[in-house]
Amino acid sequence: MNNYEHTLIMKQDLQENKVKTFINKYIDIINNNSGKVIKTENWGLKNFSHKIKNNKKGFYFHIKFEGIGKTIEELEKAENIDQMLIRYLTVRVKEHDLKNEYFEKKEI
Amino acid sequence: MKRKKNFKKKRKNTKHSKLSLFQKSDIKLSRSCPLSGKNAPVIDYKNIKLLKKYISESGRILPSRVSSVSFKKQRELANSIKRARLLALI
Chain A
115 MNNYEHTLIM KQDLQENKVK TFINKYIDII NNNSGKVIKT ENWGLKNFSH KIKNNKKGFY
175 FHIKFEGIGK TIEELEKAEN IDQMLIRYLT VRVKEHDLKN EYFEKKEI
Chain P
601 MKRKKNFKKK RKNTKHSKLS LFQKSDIKLS RSCPLSGKNA PVIDYKNIKL LKKYISESGR
661 ILPSRVSSVS FKKQRELANS IKRARLLALI
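Chains as they are written, first to last, in our numbering: chain A, 115 to 222; chain P, 601 to 690.
Relax, there's no trap hidden among the hints.
Here are the simulated lysine-lysine pairs, DSS-like style, with alpha carbons at most 27 Å apart:
#1 P:Lys-649 <-> A:Lys-153
#2 P:Lys-638 <-> P:Lys-653
#3 A:Lys-167 <-> P:Lys-682
Computed spacing ranges between beta-carbons, pair by pair:
#4 P:Arg-665 <-> A:Glu-130: 43 to 51 Å
#5 A:Lys-160 <-> P:Lys-682: 16 to 24 Å
#6 P:Gly-659 <-> A:Thr-154: 28 to 36 Å
These aren't lab readings, by the way, just hints derived from the structure by calculation. In this text, all values refer to a predicted model and were calculated from it rather than measured experimentally. For each residue, glycine too, the CB sits at the ideal point set by N, CA and C.
Start from the sequences and build out the full structure, keeping to the hints where you can.
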């Protein structure tokens with residue numbers, strides 16, 4: 115099993131109370147494809163440093179999980195189709211650091 | 601005349617003037633890397649406060665000869681700056 119960090123950026127049109135239901139869709143994909151979610155962080159609405167596809171703001175969400183190559187394959191396949199997503203980033207790490215939180219956490 | 605004398609004294613006192621090729625200088629010429637060693641901060645694409653120290657005003661990555669970061673850490677740093685750019689954090 116490998117450790118991954120995944121960050122999603124959603125469009126501003128999405129209402130803040132709908133973020134959780136939107137994210138649950140992807141958490142289910144991870145859990146169904148031999149993965150396991152360890153930690154989730156909600157960074158909330160943030161300003162971009164530069165425009166992305168004419169968007170100035172976006173909702174950030176961060177997921178730490180364990181999984182295999184197939185988990186990410188299925189996850190990114192679903193994300194490529196999604197129109198509410200602006201960007202995503204997957205990073206493989208050796209160990210999860212659960213101590214440091216660089217952004218203020220916002221509960222949904 | 602007084603000025604000239606003072607000037608000569610100053611020159612003798614500097615440690616650089618008498619160095620031969622094989623002599624080691626007492627002065628440290630190079631600073632040590634600020635990101636390696638004990639208690640060094642963790643380089644991470646989420647740690648924007650740290651990354652902002654190592655980019656110029658226009659957002660370019662500073663060369664390691666300016667910031668005196670070691671080669672290994674500079675590679676890590678450049679990688680995480682590019683990741684932060686992708687997420688529009690920097």
